[in-house]
Amino acid sequence: MKPRLLRSALAVCAMACCFLAFGMVLSSSAEEQASECLNCHRQRNLNANEGILSSQLFCYSCHQDPASHEDFRDVKVSLQVKPEYFYKSSHQFVACTQCHTDVARSPHRSSSGVTCLQCHITFFGAPGTHAEHIRVRCEACHTDSQFVALDIAGNEVKLAHTNTKLLPISLAEHKTTDVSRMEFCTRCHNTDNQVGAPTVVLPSKSFVCMACHYSPLKIGSPMFLVAIGIAMIGMIGTLSFWFRARVQDEASSVHRKFQLGSEVVWSKIFSREIFPILKTVFFDILLQRRILANSVSRWFVHSLIFYSFFARFALSLFTLFLQKVSPESELAMTLVNKDSGFVATFNDVTGIFILAGVAWAMFRRYVTKPEYLTTQEQDTIALVIIGLVTLTGFIVQGTRILVAQIPPQVALSAFVGYFMSRLLSMVNIHWQSVYGYLWYFHAVLWAVFIAYLPFGKLKHIFTTPLSLLLNYKKD
Amino acid sequence: MANQTIRQETFRRFSVLQRAVHLTVMFAFIGIGLTGFSMAFSSMAPARAFAWSLGGVESVRYLHRVFAVTLYLCVVTEVVWLIYFKFLLKGNLFGPHSIFFTKQDLLYFRDHMGYILALRNEPPPFERFAWWEKLDYWTLFIGMQTMGLTGLLLWFPEFFSRFVPGYFINLAQVLHFDEAILAVLYKFFIHTTVRHFRPEVYPGDWTIFTGKTTKEKMMRTHPGEWARLNASAQIVPRGER
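In the order they appear, the protein sequences are chains A and B. This note's numbering numbers the first residue of the first sequence as 1 and each following residue consecutively. This note's numbering numbers the first residue of the second sequence as 1 and each following residue consecutively.
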C-alpha cells in the first residue's frame with residue numbers, strides 16, 4: 001500500500017472515531033438528562049415487580065436516610081422508613097404510592113393518609129372484630145404505635161401524631177402490629193383511655209346473637225358454648241322422647257322409625273298436599289290466625305314480641321348473607337354498622353315493641369288476669385328473660401353511645417339509646433369500666449335464654465309450629 | 001278418571017337420605033357449573049352478564065365455594081352413612097344391593113356388551129345397581145375428591161405453597177378446569193341422557209325423586225334384584241299409593 005493512501009485512511013478512521021465519541025458524549029448526556037427527569041416523571045408499571053421495586057427505591061432514596069426528618073413545632077420528627085420492618089411486612093411487594101396515593105406530587109404532602117380499603121375488603125377476615133370497630137381506622141390498630149386519638153367531629157378513632165405529652169411522634173417506621181396476639185387491644189382498651197373504648201376487651205358476638213343482631217358465624221365466648229351444649233342436650237332429650245313413640249306400627253327400631261317418618265315428610269312435601277301445608281305455614285304460623293281467633297289482645301301482645309324478633313332475625317340473616325356475598329357494597333357496610341341511621345332506628349323500634357309486648361303480657365298475667373290465662377312459673381321466667389334482655393340491651397346501647405362519645409347527630413337515630421345515654425350521663429361514674437359488666441349481663445341473659453329454650457315455655461317457638469304442621473288437616 | 005288408573009305395585013328403591021342427597025347434589029352441581037364456567041370464560045359476554053347479575057366476580061367466587069362446600073358435605077354424608085351402615089346396621093358392603101363394584105359387574109359388563117352386539121339373546125340379570133349406575137355414582141364420588149383437592153389448592157394457594165412448589169397451583173388450575181369440563185359433559189350429557197332420555201322413561205326417570213319404582217320397571221331393569229326379592233319371599237310392597 002502506498003504511504004499516502006495509508007495516511008488518508010488513518011485520517012478517515014480518526015475522524016470517524018472523533019465523530020463517534022462526540023456523538024456518544026452528546027447522546028449520553030441527553031440520556032442522563034432524560035433519566036433525571038424520568039426519575040419523577042415516569043409512569044411505573046405497578047402491576048409488575050420491576051415497577052414496584054423501582055418505585056420503592058425512588059422513595060427510599062430519601063426516606064431510607066436516618067437523617068430524613070420534618071420539623072414540626074421545633075421538634076425533629078423522623079421520616080425514615082425502616083426497611084427491616086417494611087420488608088418483613090406483607091406489603092413488601094406493594095409500591096409506596098399504592099397506599100399513599102396522593103403523596104407523589106408537589107407539594108409533597110398527603111391529605112387522604114393511607115388508603116387501606118382500596119385493596120382490602122373491610123371484612124377481610126375477623127368479621128366479628130371488624131364490625132365492632134367500624135369507626136376505627138385500620139391503621140389505628142394495625143400500625144405498631146401506642147398512641148391513638150378520638151376525632152369526635154368525624155366520629156373516628158385514628159392514629160395519633162402526638163404522644164400523651166402532646167409531642168409529635170414519628171409514624172414512618174412502618175412497623176405493623178402482630179394481631180395474632182391480643183396485647184395490642186389494650187392500646188385502646190385500658191383503664192384511662194381517651195378514645196371511648198371500654199376498659200375490658202370483650203369477646204366477639206356469637207352466632208346465637210343472630211336472633212337480634214348481625215353477628216359472625218362463630219361460637220364467641222365460652223358461655224355461649226355452655227349454653228348451646230345445654231340446649232343441645234335438651235333438644236336431643238326431647239327428640240329421643242318423641243321417637244320413643246310408635247311410628248306406623250314400628251315400636252322398637254329407631255332407624256326404622258326415622259325411615260318411616262322421613263318417608264312421610266318427603267311424600268308430603270313432594271305432593272299436592274304441600275299447598276295446604278304452605279297455607280298453614282302462612283296463616284297459622286306467620287300470621288298467627290289461631291291466636292287471633294282466640295283473642296285480639298292476646299294476638300297483639302304476642303305479635304309485638306314475635307314479629308319484632310322475627311324482623312330482627314331476618315335483618316341479621318340478610319346482613320350476614322350480604323356481608324358474605326358482597327362485602328364491599330355500600331348496603332352491606334350500612335347494615336353491618338349498628339350506628340347507621342336505618343339499623344339504629346330499626347333496632348330501637350323493634351326493641352321498644354318487644355318491651356311493650358312483655359309489659360302488656362305481664363299486665364295481663366298479673367293484673368287483669370283473664371279467666372283463660374293460667375300463669376305458671378315458666379311463663380314468668382320466659383317473660384322476665386325476654387324483658388330483661390331487651391332492657392339491658394337498651395342500657396348497653398346507651399352506655400356505648402355515652403362512652404364512645406358518638407356525636408348526637410349520629411346517635412339520635414337510636415332514639416331510645418340516645419335518651420338512655422343522656423340519662424346515664426347524669427350519674428357520674430366511670431361508665432367505661434361499667435360497660436363491660438353491662439355487656440356481660442346482657443350476654444349472659446341471652447345465654448340463659450338459649451340454654452332454657454328446650455326446657456320451659458320458650459320451647460313453643462319450635463313445638464307450636466311443628467304441631468300446627470302435623471295437624472294441618474284438622475281445620 | 002282416578003278410578004280408571006291401575007294401581008301399580010310400588011317398591012322403595014331410594015331412601016329419603018339418598019333422594020335428599022341427590023336433589024342437593026343436583027342443584028349444587030348446576031350452581032357450581034354455572035359459577036365456575038362464568039369465571040373460567042370471563043372474557044365472554046354471557047359469562048360477564050351472569051357474573052354481573054350475581055353482583056360481581058367476588059360474589060360469584062363466594063357462591064362457587066358455597067356450592068363446593070355443599071357438594072363436599074354430600075360426600076361426607078355418604079361416607080358417614082357408609083360407616084353407619086357397616087358398623088351399626090352391620091350391612092354387607094359388597095352384597096348384591098351394593099353400589100360398590102364387584103367381580104360380578106365385570107361379567108355383567110361383558111354379557112351386556114355381548115347383548116348390545118347381538119351376540120347374546122338376553123341382557124344380564126342386573127342387580128339393584130347396574131354397572132353404568134355404579135359408574136355414574138363413582139365418577140362423581142371420585143371426581144369430588146380430585147376437584148376438591150385442586151379446588152382447595154386454588155382456594156388457599158398461600159397455605160399449600162408452603163408444602164408444594166408454586167407450579168402446583170398452575171397445575172391445579174389446569175386440572176380443575178379440565179376436570180370441570182369432563183364432569184359437566186359427563187353429568188349433563190351422558191348421565192342425563194342415559195337416565196332420563198331413554199324412550200321407556202322419557203321425559204324423566206322420577207325414581208330418584210319419588211324413591212318409588214314399579215314392579216314392571218324392576219322386572220325389566222333389575223331382574224336380578226327382582227328374582228332375589230321373590231326368592232327371599234319378603235315381598236312387602238312399601239309406600240304404595
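Since the hints were made in silico from the structure, they are not lab data. Honestly, I wouldn't trust all of these hints.
No farther apart than 30 Å at their CA atoms in a straight line, the calculated lysine-lysine pairs in the BS3-like style are these [to be verified]: (1) B:K86 <-> A:K257; (2) A:K158 <-> A:K338; (3) A:K369 <-> A:K218; (4) A:K165 <-> B:K134; (5) A:K324 <-> A:K338; (6) B:K103 <-> A:K257; (7) A:K76 <-> A:K158; (8) A:K268 <-> B:K103; (9) B:K134 <-> B:K103; (10) B:K212 <-> A:K268; (11) A:K218 <-> A:K82; (12) A:K257 <-> B:K212; (13) A:K165 <-> A:K279; (14) A:K457 <-> A:K218; (15) B:K187 <-> A:K257; (16) B:K215 <-> B:K90; (17) A:K369 <-> A:K268; (18) A:K175 <-> A:K165; (19) A:K369 <-> B:K215; (20) A:K257 <-> B:K134; (21) B:K134 <-> B:K187; (22) B:K90 <-> B:K212; (23) B:K103 <-> B:K215; (24) B:K90 <-> A:K279; (25) B:K217 <-> A:K268; (26) A:K257 <-> A:K76.
Here's a subset of chain B near chain A, in silico, CB distances under 8 Å, partners left out [said to hold, decoys possible]: (27) S59; (28) Y202; (29) D205.
The C-beta atom is built at its ideal place from N, Cα and C for all residues, glycine as well.
Pairwise hint evaluation, A:K279 against A:K165, where the allowed Cα distance is 30 Å at most: Given that 30 Å is the threshold and the Cα spacing comes to 69 Å, the pair is violated.
Given hint A:K158 paired with A:K76 - CA-CA distance at most 30 Å: holds (22 Å)
CA of A:K257 to CA of A:K76, is that 30 Å or under? violated (81 Å)
Please verify whether A:K158 and A:K338 have alpha carbons no more than 30 Å apart. holds (19 Å)
Given the hinted pair A:K218 and A:K82, is their Cα-Cα distance within 30 Å? Violated, at about 38 Å.
Checking one constraint from the list: CA of A:K457 to CA of A:K218, max 30 Å. Satisfied? Within the cut-off at roughly 27 Å; holds.
Taken at face value, is the distance from the CA of A:K268 to the CA of B:K212 at most 30 Å? At roughly 14 Å apart (the allowed maximum being 30 Å), A:K268 and B:K212 satisfy the hint.
CA of A:K268 to CA of B:K103, is that 30 Å or under? The hint is violated at about 40 Å.
Could you grab the alpha-carbon distance between B:K103 and A:K257 and see if it respects the 30 Å cut-off? With Cα atoms ~35 Å apart, B:K103 and A:K257 exceed 30 Å; violated.
Interface hint compliance - B:Y202 to chain A, C-beta minimum distance less than 8 Å: violated (20 Å)
What's the verdict on A:K369 and B:K215, does the C-alpha distance respect the 30 Å limit or exceed it? Violated: A:K369 and B:K215 sit about 63 Å apart, past 30 Å.
Taking 30 Å as the top limit, are the C-alpha atoms of B:K90 and B:K212 close enough? holds (25 Å)
Of the numbered hints listed earlier, those contradicted by the structure are 3, 4, 6, 8, 11, 13, 15, 17, 19, 24, 26, 28, 29.
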